[in-house]
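Asks: Take a look at the letters that make up each chain.
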Amino acid sequence: MANIKLKKGFDLILNGQLTSDAITPANTSPTYAIVPDDFQGIIPRMDVKEGESVQAGAIIYHDKNHEQIKVTAPVAGVVKEVRRGERRKIEAIIIEPDGSGGQVTHDNKKDVKELLLESGLWVMMRQRPYDVVPAPDVTPRDIVVTCFDSAPLAPSLMQVLADDVRYVAPGVEALKGLTRGNVYLCFRPDEEMDVLNAEVVTVQGPHPAGNAGVQLANIKPVNKGEVVWTLDVLTLARIGKLMKTGVVDFNTVVAVTGEGVSTPRLLKANMGCSIQSLLQDDVQGMRIISGNVLTGIKVNDDEWLRAPYRHVTVIPEVAKRDEFMGWASLSPKRYSIYRLFTSWLTAGKKPASFDARIKGGERAIVRLDEYDRMLPMDIYAEFLIKAIIAGDIEKMEQLGIYEVAPEDFALAEYADTSKLELQRIVRQGLDKLRAEME
Amino acid sequence: MKFLRKYMDKIQPQFRPGGKLQKLESVYDGMESFLFTPNTTSSSGAHIHDGNDLKRTMITVVVALMPALLFAMYNIGLQHYLAIGQPETSWLTMWTFGLLAMLPVIVVSYVVGLGIEFIGAQIHHKEIQEGFLVTGILIPLIAPINTPLWMVAVATAFAVIFAKEVFGGTGMNIFNVALITRAVLFFGYPSRMSGDEAFVKTDAAFGMGAGNTVDSFSGATPLGQIATNVGDSLSLHNVVGDPITTCDAFMGTIAGSPGETSMVAILIGAAILLITGVASWRVMCSVFAGGLAMAALANVFPSPTYPASMLSPWAQLCYGGFAFAAVFMATDPVTGARTRIGQYIYGFLIGVFAILIRIYNGGYPEGAMLAVLLMNAFAPLIDHCVISFNIKRRLQRANNKQ
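Chains as they are written, first to last, in the working numbering: chain A, 1 to 438; chain B, 1 to 402.
One or more hints might be untrue.
[As the list claims (entries may be wrong)] These stretches of chain B come out as covered by chain A in the derived footprint (C-beta under 8 Å, 3 or more residues):
| id | region |
| --- | --- |
| 1 | 163-170 |
| 2 | 275-285 |
[Stated by the list, open to error] Stretches of chain B that chain A covers, calculated by requiring three or more beta carbons in the stretch to come under 8 Å of a beta carbon on chain A:
| id | region |
| --- | --- |
| 3 | 133-139 |
| 4 | 378-391 |
[To be verified] One side of the interface only, derived from the structure: several residues of chain B facing chain A at Cβ under 10 Å:
| id | residue |
| --- | --- |
| 5 | GLU25 |
| 6 | VAL27 |
| 7 | THR40 |
| 8 | ILE48 |
| 9 | HIS124 |
| 10 | GLN225 |
| 11 | ASP248 |
| 12 | ALA398 |
It should be emphasised that the hints constitute simulated quantities derived from the structure, not laboratory data.
Cβ coordinates follow ideal geometry from the N, Cα and C atoms, glycine included.
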């Protein structure tokens with residue numbers, strides 16, 4: 001068993017943390033939705049029409065390039081609308097539940113890969129390079145499963161997993177057959193458990209230690225030409241359950257957290273449920289994020305929970321309008337992890353209030369070492385970002401773009417004095433490279 | 001601050017395209033973002049951002065320069081009143097004299113530099129950036145006090161346009177802008193940059209402190225005296241011929257460029273930069289280490305041919321612009337090495353070259369400026385080498401696989 005100690009990174013502590021472990025049911029959701037943008041790398045081709053009835057687990061669409069990759073309905077009901085945006089891009093597939101509870105049962109004696117593809121669990125995994133849904137025709141070198149979420153306000157995955165922890169071992173057994181290497185399970189030291197066939201790794205250190213990519217980089221970095229799959233332990237348990245029972249569990253526990261929530265709590269809900277069914281407070285002037293504050297997606301209250309379906313954060317949009325000479329502030333409320341502000345003394349120790357303001361203008365990269373301090377990988381992050389901005393594909397490759405995902409740069413984006421949109425830059429770089437290579 | 005916000009909102013339409021003052025749009029935007037933290041919220045990626053921004057970072061550097069600036073004003077007065085034979089004058093009068101002497105230079109530097117930045121921002125329809133806040137205060141601190149204002153204006157304009165704007169503005173320049181200004185002055189007007197005339201203000205400032213210099217007056221800086229030293233022992237004296245010690249140089253009561261004389265004031269600035277984490281301690285410490293190493297090496301072989309080699313290593317650091325360059329010039333992150341290992345090499349070589357030039361090149365009594373500019377040019381190469389190790393490691397890893 002290996003132990004990884006990471007030093008780089010930072011644990012931001014926000015107001016609105018979960019206070020109890022109790023899981024209560026969410027309100028009933030009037031509609032459910034699948035948002036194709038959640039599954040990077042897939043070009044949707046619809047398999048159902050508006051008005052058609054579907055069971056939970058029924059195929060909704062498949063990938064244009066790999067027809068085997070299917071995305072399935074999280075709930076039984078009627079396909080109410082296929083919402084399209086510019087250039088007829090599918091923005092969401094909205095399903096109205098019929099309450100029948102009908103669910104597709106798969107033949108769990110079938111080939112594992114086929115089962116995963118057909119059940120819709122395949123799209124919950126990601127591959128390095130490119131941080132996209134894995135291509136089915138490539139055998140991965142290894143598979144890395146992260147068993148904790150280190151992001152701000154995130155729930156403990158092992159706690160959320162609860163009894164389903166018994167499906168971890170069958171999940172590992174299923175995945176083990178799909179790789180020629182190892183299945184790595186990365187735990188926090190106090191949550192570690194032994195699993196047959198898996199390589200157990202404990203990871204210490206601040207966020208982004210919970211990112212599968214960071215763990216992978218510290219176990220065995222992915223090289224050019226190699227493919228490694230990453231997933232979280234919740235998906236692993238779902239895979240295990242599918243193997244054992246033949247049905248996909250579309251239930252999920254959602255942590256509803258943040259300053260804009262009066263009582264942060266864990267809610268039992270269904271994947272793709274409406275945001276309204278999860279919130280009970282007035283969200284006027286608030287920003288609702290499906291996910292955590294670093295990597296999540298901004299959603300409106302008439303939209304839906306987005307993949308990976310486990311976290312919602314609500315923070316104020318603008319906490320202080322027209323802050324007078326904010327750059328000169330001596331107030332401990334101006335939160336910074338740098339020693340330029342008095343708030344540095346309590347940063348990372350006391351919960352603090354955050355809003356969505358950028359708090360400065362976009363600039364060229366000036367300060368030293370800001371990205372490297374937030375990225376525990378053997379990568380010169382700043383030079384990689386510059387290579388991506390310059391569109392220099394050869395340099396990107398040399399500097400290790402195959403090893404990173406946008407989420408790995410999320411903390412650096414938070415910390416960046418120059419306020420660059422690092423995650424968007426990395427995503428563009430990965431997309432460009434993928435278009436070039438495939 | 002409501003009335004200010006209202007006033008800014010009221011005058012805003014005039015600055016927008018079509019308005020009367022549309023040519024000043026970037027100035028308006030600059031003022032607005034200076035007065036009020038923008039309310040812009042994140043539209044992609046991370047939803048929360050750190051409270052720090054480039055304004056805060058740059059202002060912190062300006063704050064760190066304040067001890068050096070305030071002492072510079074006092075010292076200009078001190079040297080002046082020494083020179084006109086009134087050493088009994090109160091320190092407040094001396095400081096006021098220095099303030100009056102420096103103010104025009106500061107004003108010219110900021111007006112010319114910021115003016116060009118505003119015009120550049122307007123042409124490219126970009127936000128005004130903060131880089132010149134620091135440069136504008138560095139220039140008066142490193143230009144000899146007797147530099148004519150028009151020279152300051154010409155050199156500043158040249159540096160801002162050709163060393164910064166053509167490269168893309170703040171954060172894109174290859175050479176330190178303040179040092180380019182100094183270099184333009186140094187090579188463009190050599191007669192005004194050294195010798196007796198340059199470093200001590202002997203005439204009145206706005207009518208204050210008029211008087212004739214005493215007979216024993218000589219305005220040469222200690223390093224200037226060393227460069228012309230004859231014989232195998234050094235004797236350094238102040239502007240009226242009294243001997244000075246390294247201790248005087250440490251305190252800063254000697255002739256020299258305004259900001260560079262006082263080691264104490266510079267060290268206070270260094271502490272501010274290091275505590276706030278704005279400057280890289282790797283660079284700063286390596287410059288001193290490099291300087292000490294070179295000075296010690298030279299001091300092992302003292303020679304009357306190169307009189308500066310007779311100075312002790314400790315004295316080498318105190319005299320001239322070495323400490324100022326180490327703390328405020330070498331640590332400019334934009335023009336320096338950006339990898340950690342690179343920072344050590346970059347800093348160390350600056351220290352070595354500064355002392356090397358000072359001792360062994362008779363043409364230049366001081367080498368700090370040239371050393372920093374030289375290493376500015378080499379910083380990308382240093383980074384390239386450091387990174388190539390990372391690239392090689394990655395390649396090797398990939399090849400070992402197959």
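Asks: Now, for every hint given, state plainly whether the structure supports it.
Replies: Tested hints:
no.: 1; hint: 163-170; verdict: holds (count 3)
no.: 2; hint: 275-285; verdict: holds (count 5)
no.: 3; hint: 133-139; verdict: violated (count 0)
no.: 4; hint: 378-391; verdict: holds (count 4)
no.: 5; hint: GLU25; verdict: violated (15 Å)
no.: 6; hint: VAL27; verdict: violated (15 Å)
no.: 7; hint: THR40; verdict: holds (5 Å)
no.: 8; hint: ILE48; verdict: holds (4 Å)
no.: 9; hint: HIS124; verdict: violated (13 Å)
no.: 10; hint: GLN225; verdict: violated (38 Å)
no.: 11; hint: ASP248; verdict: violated (34 Å)
no.: 12; hint: ALA398; verdict: holds (4 Å)
Of the numbered hints listed earlier, those contradicted by the structure are 3, 5, 6, 9, 10 and 11.
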